[in-house]
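Residue numbers (our numbering), protein chains in the order written: chain A, 1168 to 1977; chain B, 15 to 167.
Just to be clear, a hint being listed does not mean it is correct.
[Claimed, not checked] For lysine-lysine, the following DSS-like pairs were computed, each having C-alpha atoms within a straight-line distance of at most 30 angstroms: (1) A:K1374 <-> A:K1407; (2) B:K155 <-> A:K1209; (3) A:K1407 <-> A:K1209; (4) A:K1766 <-> A:K1799; (5) A:K1267 <-> A:K1209; (6) A:K1374 <-> A:K1209; (7) B:K155 <-> A:K1374; (8) A:K1542 <-> A:K1449; (9) B:K155 <-> A:K1542.
[Unchecked claim] Just a sample of chain A residues kept apart from chain B, beta carbon distances all over 12 angstroms, derived: (10) R1286; (11) G1359; (12) A1368; (13) N1373; (14) D1431; (15) T1458; (16) R1553; (17) D1610; (18) L1725; (19) T1768.
These aren't lab readings, by the way, just hints derived from the structure by calculation.
Keep in mind that this is a model prediction, so the values were computed, not measured.
C-beta atoms are modelled at their ideal positions from N, C-alpha and C, and glycine is treated no differently.
Next come the chains, spelled out residue by residue.
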Amino acid sequence: MTLNISDPLSLLPYQSGLADPVLIEAAAQSANDLTAQQQAYKIGDPVPIVFCRRVSNNGGVLVSPGATEARYENDGVTNALTVSLHLVLSEGELPTIPIKDVFVGPCRQGTWDQNYDRRSGTWFPGNFVTTVSGKQPWSCPYYCGTSGRYEDMTTLSYVNTFVDGSQRWNQQVHAFVREGIQITRIIDSTLGPSNNVIDLAIYLMNKSGRVPSTLIDTTEMLTAATFCDVNGLLYNGVFKESQNLDSWLENTSNDFLLRLVETDGKFGFKPRLPVNTDQTIKTTAISWVFTFTEDHLLPDGFEIQYIALEDRLPVCLQMMWRQQPDADIGFARTTEIRFTGEALAGPFEQYDLSQFCTSESHAVKVGAYRLARRKYVTHTLRLTVRPSSYNSTLTLGDVVRVRLRRETATTALDYHDYLYEVERIEKTASGACVFDLTHLPIDGQGRSRVALEVASATAPNVNISAGRSDYSCDDNSASDNTALGIDGIDYPPSGGNFDPPLFDSTAVGIDVPIDDTWETGGDPPIGPDVEPPDDEASGGPAPNGGWDNPSDPLETPLASGIITGATGPSAIPQPSDVLSVSEANLGCPGQVCWYKINKTTLVETLISCQNEPIGGAWDLLITTSDIDFFIKAVGRCGDPSTASGFGVPRTVGVVGPVEELECFTSVTVNYDELGVTVLGGCQPYPLDGTSTTKSRSLVSPVSLYKFYTDVSFTVIAPGCGGPPFPTYAQVTGCDWITFGGTFSSATTTVPNGTSDTLAFAFVISKTSGILLKGQKVAFLIDSGVTGAVGAATDQFVINSVTYNNTVSCI
Amino acid sequence: MGRAQSQYLRIFDSSTTYARWQTYYVNQTVTLDGASWEYAPFSASGIVESGARGGKSVSISVPATNTVVNAFNLALTFGRFCELKIYEFDNRLDQTAPQAGQVLIAAYTAEVVNVSGTFTRLNVELGSSLSPVGAQVPPRKFTSYLIGAPLRI
């Protein structure tokens, strides 16, 4: 059974960004201290991505890069300290930065180099500080770095000298980047810096390797990029905090009035506001593409969720953004947004866009959107409807009308009649469609109230002074557009202290398997054509062996067939036999019950039960009343926990049926010679299924004999090359090992003719004792002629067997 | 009422299509878009298009035949794509083959991100690999190869 559960409708405001996110009351992210101590990158830190593009005096970002190498050296007389730092500015290649845009703390100082995919500067890292007499010694780091490969990175080298006693030698360096990494912009398909968040999203999706290009909806991406561009929603920031891509896409898109959508499994962005074809915000009447009525609704297909109180109360939004002067260091600002007369004394909600937003208009529009949404959007709706034409026509972001008649009294007729935006579409396997809708409030002219508020929200656009009054620490000009130097080192270095690690010194490559079955889990160890196991605990034969499971003694059958004492042939019990089951064979002290089973009707009758072994065994005396019955022994081990004192019964053996033996003094065997046929040699004729042909070296040449299980059967004897006229001398012996005595052929009858059909007979008797009916006897019919192989072959038919002189077997 | 829906599932990568299955025409191989689609009794949970978080994956239940197990095992191993399409058509008309006028009402293309199930059935989850854990950005990190043993302040 599979349960398909949709997210509760109550989550939709939060999932769709209608409800406010968890607020973080903190300083603006861009309000970093300029004179903080220089930071160093650590192994495992994310490589920052500087993504910006200054256009029309707006944009760019102040980056505070971490250092990876340093050199400290002082003058032996003046104690002036020369600090050299190697810094990683960004992943990817950045356009050249002018000298006016690099800072040590708040001051434009130092000599700089910039490179891509290469180590900047030609100095060697190390601490070469010495103590100068009469001067306060410098306290510089001792572990100054070993250098690296800096592949696909933009690096900086900075060198500056500080006078003796300067407190500024370890201040953080900064670079104002006007043009960030170069990517192919989606809007104009041009390689260069970008300030469009869609370009950044695509770049991250591609770089993360988690979203194949097939799953990126470039059409929707282009539309969203145009929306951002047209409405001035631009990204100018440095992306350096490690976070989940999905979360980043969701959260960031809200601050650009976009929403991340997944259509046909492909990722894209859609504007959160109705737009015109040129992607400007639509401030005219909204048209809808479909009207749902009660005709479409399935039973219980209407679910409504109102926005919670805390997301409806009037608030004042403090939008934080970054003012970025052209010739000075940028700083964070706030712009308060409220409905006139509301929330004058709060509550206040902070939204920090300062990490990437350098436009007050951008911040104001985002604030206006959030505020208008709180004011006007009252609820969300979930409609479950039957399949219809909208199956193939409605898409995310479409505007629909829901008009449902509500009758609350015979004379009162009202309608639930609102416009909605399609937020989520679920097309179920049953054909029903589930639409999650967000209220789209309109005014009397059918215009989106939220869109009107956002479109009309304009920023004061008043720049605030940076507040800096003294520029005397600047060694470099604030208007110097000279590009940074390009001195650097290409590895391998010629010497010195550089020791960049080789790739093989920092990585381990594991060979990809060369067989073609690893991707599906490899070959089964016993092969695909394994034979089923035999009845063995460890399995039967297989290409690579059995199951190899240890046998379980508790699943091993207990001993059976353990009845002893039968004296007849093939362990057939006879009257007066004493059948026995030993305690050792039963395996425990307990009880044995004897039953006899009629061999015709199979009716079972209890003979006796014995609760104790006598002399170590349970015995049963067989009488003539048991003739023609099978004898069965059932044993039970002692078990004090049961009422009977014995455990589960088990059959320990079945013998019989009991027979009374017939014995004779001799047997006459009458046989005929069928004819003489020339064969290739002396061969057996195993024509009777009850006999077994064996060879035996009683006489020469090697002769054959038939081993009969019951002499009362008529059998066809083997033929063998020999004289055409067999005599009694051909019956030269019998298997006295089985027979239990010696063979006498003295009474063999002389052949009765010379024709092809001859009749013979011989009599066998034991030299002592008797012949027992059913006893196994072997006849040896010898060719009688040495070296007769290849001559004629005789075939003999034993016509009849006569038992002579019945006697007692006992 | 003559509305019927058929589902088509395709496993592919940038250059090759590895499987084409349909679930409507029982024990038939039908032709659609110039390709043959074999019958496989799978069932999809439905397709969700969303502009909000959550509910962005599709699950498919499919019999665990050797062919199916291998196909999805390889799709999971090599990050192959699955495309699920739902067509709507009039079942009062031809039922022996896909109708020319059938309408595509939903499509979903995604990676096979998870496979589980029993010995007889597999539940295949389709979705992007933008999982809440593991898809971190910025994607690159400072390594020993890139910056050696860095400055320690």
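Violated hints - listed by number, lowest first: 9, 10, 12, 13, 14, 16
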